[in-house]
Structure formats: C-alpha cells, structure tokens
Amino acid sequence: MSALSDQLVSFAILAYLVAMISHAVEYALGNSRTRAAAPARELVGAGAGGPGDVVATVPAAEGTTAAAERTAARARLAGLVAVGLTAVGALLHLGALVARGLAADRMPWGNMYEFVLTGSWIGVAGWLVVLWRRPQLRRLGLFLSLVMVLLVATAELVLYTPIVPLVPALNSYWFVIHVSTIVFASGIFLLAAVPAVAFLMRSGYEQGRRSFPYTLAKRLPAAAALERLTFVLHAFAFPVFTFAVIAGAIWAEAAWGRPWGWDPKETWSFISWVIYAGYLHARATPSVKRNVATWLAVLGFASMLMNLFGVNIFFEGLHSYAGID
Amino acid sequence: MTVVDDRPAPPAEAPRRRPNPALALLRNSWRQLTSMRTALVLLFLLAVAAIPGSVLPQRGVNPEDVRDYFAAHPDLAPVLDRIGAFEAFGSVWFSAIYLLLFTSLIGCITPRLRDHVRALRSQPPPVPKRLDRLPQHAVFAAPTGGAAAIAASLRRRRWRTVVRGDEVSAEKGYLKETGNLLFHASLVVVLVGVALGSWYGWSGNRLLVAGADNQFCNTKQQYAETTFGPRVSSGDLPRFCLRLDDFEATFLETNGQPESFNARVTVDEDGGTPRPAEFSVNSPLRLDGANVYLLGHGYAPVVRYTDRFGNSQTSPTPFLATGDVGLTGEGAALFPDANVDPATGKRDPNLQMAFTGLYLPTAPQEGPFVRSEFPTERNPLLNLVAYRGNLGLDAGIPGSVYELDERQVRSGRVKEVGTKLLKVGETWTLDDGTRLEFLGTEPYIVLSVRYDPGSTLLLVSAGTLLLGLMGSLFGRRRRVFFRVVPADPENGSPTSGSSLVEAGGLPRTDHPGFADEFAQLVAAVGDDGQRDERAGADDRAGAREGAE
Ligand code: HEM
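For the protein sequence lines, the chains are U and S, in the order given.
First residue of the first sequence? That's 1 in our numbering, and the numbers climb one at a time after it.
First residue of the second sequence? That's 1001 in our numbering, and the numbers climb one at a time after it.
To be clear, the hints were calculated from the coordinates, so they are not data collected in a lab.
If a hint is listed, it holds; no wrong ones were tucked in.
With a straight-line cut-off of 20 Å between C-alpha atoms, the simulated SDA-like cross-links for lysine to any residue are:
1. 1420/S - 1304/S
2. 1220/S - 1238/S
3. 289/U - 1037/S
4. 1420/S - 1403/S
5. 289/U - 1038/S
6. 1423/S - 1378/S
7. 289/U - 1510/S
8. 289/U - 1044/S
9. 1420/S - 1440/S
10. 1220/S - 1269/S
11. 1415/S - 1429/S
12. 289/U - 1035/S
13. 1420/S - 1435/S
14. 1220/S - 1287/S
15. 1415/S - 1403/S
Covered, in the sense of this in silico footprint (three residues per stretch, anywhere, with C-beta under 8 Å from a C-beta of chain U), are these stretches of chain S:
16. 1036 to 1046
17. 1277 to 1289
Being a predicted model, the structure only gives us computed values, none of them experimental.
We put the CB at the ideal spot given by N, CA and C, even for glycine.
Make the full structure from the sequences, and use the hints.
Here is the structure:
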C-alpha cells in the first residue's frame, strides 16, 4: 500500500506537470476571445488597444482571421486539456492519500510530508470547485499547476518520511479535528495565495507596467476578478483556520495542561492569524488600497509556510513531531 | 464585507468659544486611536512583535534553553534579558501593543454597538424618491393586495418590513453587524479570560514514584517548580493527596515509539474517601479545583545501601529520562545519612555516599552500556559510579536531590571509589566492605498540576468569537423598496386603472449575488401576489399580462 501511494504521488506530479505545460500552451496561443474579437476591433482602429493587444490586432487579411480562429480553438483545447489533466492529477493525488492512510491505518496527516500532501490536495480540489463555478478564471491554472508541481515534488524529494504511527499525544480525538481543519485551511490559503499574487501582477500590468513580473500577467483574468476570488477564498479559510487554532488550544489543554503556551508553532499560528485578520480588516478599510491589503494576504501565506517549514526545521518545541530531525 | 467608512467625525459644534487645545488634542488622539487604520497598524505590529518570542528561547517554554543561551552569548544575553526578550509575551513592548489595540477595539465597538442597537430598533428608512437610481430596479404589475400583500410576502421571507401608505421598505442582514460586534467583543472577553487565568491560576510540576510511601499531598512545598498568579497564595490550594498505584506504557515493537500511557492512582480529596482513578496523556485527571496532567514517565531504580555499621537504607531514585527512544535514565542515589555511628549518633561528613550513573531498561548485549535499546525492561542494567565524601548537602547551597553536586567532586571533597554494572538482584561490595544492592525498579511519572479559572470563559468566548466571525463574513446587509403606482393611462396601457409596482434594491455590502437575489425576490413577490389573486378568484389576470 505504501509503495502504491508513492507511485501514485509520482504519477500525480507528472499529471500536474503536463497540465502546466498544457496551460502554458494555451497561454502562448493567447486568449480565444481577444483573438476572435480582433477583426472587429480593427474596424474601430488598430491603435485603440493597449500595447498588449497590438499583436492580436495588427493582422488584417481575411485568411488570418480564419487562422486566428483556428489558433483560438487550439488554445481553448489546450486549456480544457490542462483542466482535465489537473482533475486526473487530483484523482491520482487523492488515491495516494487514501493508500497512505490505509497503509498507516490512520488519517494521512501525521507528519510534514503527509501534511503537505494533504494540504496541496485540498488546494487543487478547491481550485476545481472554483473552476466549476467560474470557468472564465481558467488561465490562472498555469500558476496553480506550477505551485502544485513545486509543492508535491518538494514533499516527495525533501520531506518524504516512511510510515510510522503517532505518538500518544497525537493520538486523540481533538488531534484529528485540529489537524484536519488546519490542513483544510492551509490548503485553501494556499489556493488563495495564487490569485493574490496573480492580482498583484495583473493590477500592475493594468496600470501600465511592462517590466518583468507584470508582463506575465498579460493574459490573466482581469484584476478585479482575481481580487474578488482572493477575498472569497480568504473569507472562507479564515474562520476554518480560527476554528482549527481553537481546537488546537483545546487539545493542548488536555495534552499539555495549558491551552496556549507560546511554543514556536503556536506563536507562528498566532502571527498568521493576526496577519490574515489584518488582511480582512485592510480590505474593509476604504483608505487602504487593495494592493496593500493583498500584500498582507501574501505575507500571511508566507507566515504559514514559515510555520510549516521554518518552525519544524529550525526551532524545537512540543510540536516537533514532524518526522525530520 | 462592508466597505465601511472610517467613522465620520461627529458634526462639529458651532465654535462658540475657543476649544481647549489640550482637550482638542485628546479628542483627536482618541479619534486617531480608534480608527480602523490605527487598528490595522497595531495588528501588524502585534504580528511583528510576536516574532522574537519564537526565535529566542523563552523562560515560560524552556528555561534550560535560556540558560544555554546565556552561556553561549554572555555579552548579548543580559542586554536582551533587560528588554524582556526571554519573556517576550509578558514584556512591556508586547503588552503595550496589545493593550493599545484593545483600547482601540473598545473605543471602536462601543459607539458601533450603540448605533447598531439603535438600527435594530428603528424601522427601515422611507422609500427614496427615485428608485431607478438604485443599483437594482424593476417594474411589475401590482399584486392584488397592493402594498400589504408585498409586505406580507417579504415578511414571509424574513425581511424586516415597514409599510408607509403605498410604499414598502424592507431590510435584511442585520446579522452581519451583529456578528461583527460579537466577534470583536469576544476578542475582549478572550483577553479577560487570559488575564483571569494568569492572576488567579497556579501550577506546579513534580515527579511521582509509584508506591504508597511516595504519595504526595497538594501543598506548595511538594512541588519542584511552581508558578503562582499574583492573586493566589499557597493557602488557596485545594487539599488532596495522590498516590501512583501503577503505570502502564505500551510501545511499538518495531521502533520503540510510545503507543499508549495509562496511570492508575488513588485520589484522596478533602472530605471524601480515597478513590481509584486513571488518567493519561490527552485525558487529564480533573479534580475539584485542579487538573492533573501526565507529562512524562520513567523508571526509579530501588537500591539498598548497607553501611559499615550494618545499617541499611533503601531509596527509589527516579533516573530522569535522557530523551532517547529507549528511555535511558540518568540519575544519582544519594545517601547523606550513611555511615552514621549508631553509638555516638555522629555523622562523619567525609563518609557520605553517592552513586551516579545510567539506568538502561534494555541494555545491549555488549558494551558500551550507555544507551538502552528499548523502553520496556527487557534487560535492566544499572551502570554506576560510586563516590564517597562530603556531598555538600548541608552547606545550604540549594541543589537538586537527584544530582551529585559537581563542585564537590571538582574540589576533591568527594572521591570516586569504583564503577560497576548491576543487574536486578545483584550486590556490589565496595572497597570498605559496604554493599549496594539493586532491588528492582518502580515506575515514576512527571506531573503537572494546574488550575486555570479563566478556561471556561476562554472556551465560551472562543465559541462566540467564531459564531460572530461567520455572521460577519457571510452576512449581507441589503435593502429593498417597493412603491405601488397607478399605471399610466396615457401610455395606452390596456389595463388602465390597474397598478404597477416600482421596485429598487440597494446592497449595503459588497455583494455580487445581489442582482440575482433581487430578480428572484421581485419575481417571487409578483408570484405570491398572483397566487393570492387566484385564491381570491379575482379576475385581473389580464392586467398582469398587459404589464409584462
Ligand atoms: C484585536 C484586534 C482586532 C482583530 C483581531 C480584528 C479582526 C477583524 C476581522 C477578522 C474582521 C473581518 C470580519 C469581517 O469582515 O466582518 C474585522 C472587521 C472589522 N473590524 Fe476588526 N479587528 C480588531 C480590531 C478592530 C478595531 C480596533 C476596530 C476599530 C477601529 C475594528 C473595526 C472593524 C470593523 C469596522 C470591521 C468590519 C468590516 C466589515 O464590515 O466588513 N476592528 N476585524
């Protein structure tokens, strides 16, 4: 079972990788709508589009219109293939989790490796739900599949731990509640960080910046849509995370005799919670620009990463059960 | 999410007399402090200020690490200590930030609470003149009952509704602001809970070796370490005694990782009869006024020393776990009262005895015998060094009873007199004819006994915090308005004399689904009207068609 799980993870990485390439192809071929709309816009005047649209608006001959349509269809196909592959990857990924859980005879989130594996699955599953509700955001998938490849491959190459049972302190009812909700919230925060970063690039692009990271955003969905998605995902994840931290405190009271002890892991959860609260706050404060608020969201995710990787590796504390010493 | 304005400045009163500049400054600072921007800055500062506490060792978490840090950075550590860096979460700067934040919070929610209560008690505002200027707008044929019917169907959908003549105003989603206020107020209560716990709470840690002779009773002196809140005195401790009868631990065969722990004890609470109880990691023993937590365990070898006069003393000595999987223990059995001449009763300070070394529950087959291979006792072995001399216990220098004072060894007042490996039942005869027997072992457990009077409050406020947060994040405040107007006869409407309804909708929060909701609501209000119509056998169906 354990070997099966490892194999499924490798296949899932492969699927995400091919999905990413497929998204990249769609990206390179351009937007179906801009392409199709190009001839119409030409009548109005080629100069009307922003610099980003120039490529799409210059060709004028009849033949090119057909060619453009063909390219558009191909781009769309590549995009759909990418989504399909992402879904396949998510299924393989889920299979790996189930196999691992069966092999260990417990939930698959007992150490850092399993934590990252489960959290990233939540992220990708959440992404498929988002896509189902808002298919027009598809091109964000390029960034998402990139994140998935990096994360799952890191888990496999750096964090991999063989299956071991839990130490007694972890073997509790509240532990399951605490860790499952933390994993869930982390997965959604991970997913939410993708449109957050994309928004920062895209809004720079829309304000006319044409230097490196901003140019990547040329074919991303509109900044406003990205910002909205960023908020919705954070607003969903934040209460879950809050609950998870409370459940952790209840568990810590039973296991260690105090609900909160400023152990490094607790401290960093506190930091993340405060930063995310700051993000929601900032977004509700009219005098704070959306860019600034979104930077807070990105910072919040950085602090989550610090809590996961940094604290397990650099600090010692009661939570040091990660399985890598 | 509302896009709330920072609280607007209250309308300035006519400047009849010159405002007191000090007062004006005060008022301005208060307004600044309670603004959302300031709250944001303080929140950010709070996050930043928490970082040092995770990077530097903390006394409350791990005092040994702090001592190590002092040893490693003799110049820097005292400076850091002076600014409270080793008790970061109780330091002046950390406290200043959260106290300011909570002041800002209270200053912010009090007026909002007042406004909200007022809003809850007042009716939705009158219908605006130009409904077509609202974000949502629709016109449809009036249902039979007119304004009253519209109001009825709105009320059925739980809108707060008021009818003013031919006009209906309705509002929904007060839960958002209620939730937001509940969330912020709960934050304050959480802080109160924490404060209660640290003022009125106490805790103590100690070891407890199994056996009736080793029972302990809950007094401050019985603990190795205690933390007492400023409002607790040792007289406040509840009275109970605890005896460890048995301790069971199971481990995985493959790698020796612990699988389960269980401590069986006899509790003798004040005024009750002694009763048996069990507890383990994750399920503490909850007594009246204190909880007992299991933090660790190990073995206490029982050794008997027989001195030159033939007197023997037995001591179970906890050998503290060194932290490896095999539960190797390290400790010292001290016999300060050994070799006291029974005839004179005089003690020779240079004939005190100490045995230090390691206890290996499962010793390897071959040496070195320094690391146990498994945490249960499969091949128990004591690896000891004997010392004779002045242990320095009478000198009044505080020292651990489980440790031999290294200074006495270094100064030569205590001398090593031999080393030995001992199995259970074996006897070691020393150079002076005195004997040490290894009789067996008793399990010991590490306990933390605690009382936190704020915990219930914390739990409750955490619950309301979460409820409030969800109400706040998912609630949506919005208003709808309806006005019944006579259909314009000049427009050539075939149904002159019948009425139309003009409707408008205003989302008061950023709410992308509002257009759909509004459309559905308008359709539903029309439908309800139609159903009423059919029920009333009124023949005005044509009017609807005409209007559509
Ligand atoms: C302990 C510090 C604080 C924390 C952790 C905190 C946290 C939060 C969170 C997470 C939200 C988002 C919930 C929502 O959108 O409804 C929020 C909203 C809000 N907070 Fe705070 N807050 C704090 C202090 C303050 C202070 C000091 C003020 C006043 C200056 C304030 C005013 C508001 C307002 C008006 C909203 C509503 C935003 C909206 O309607 O969407 N908060 N707060």
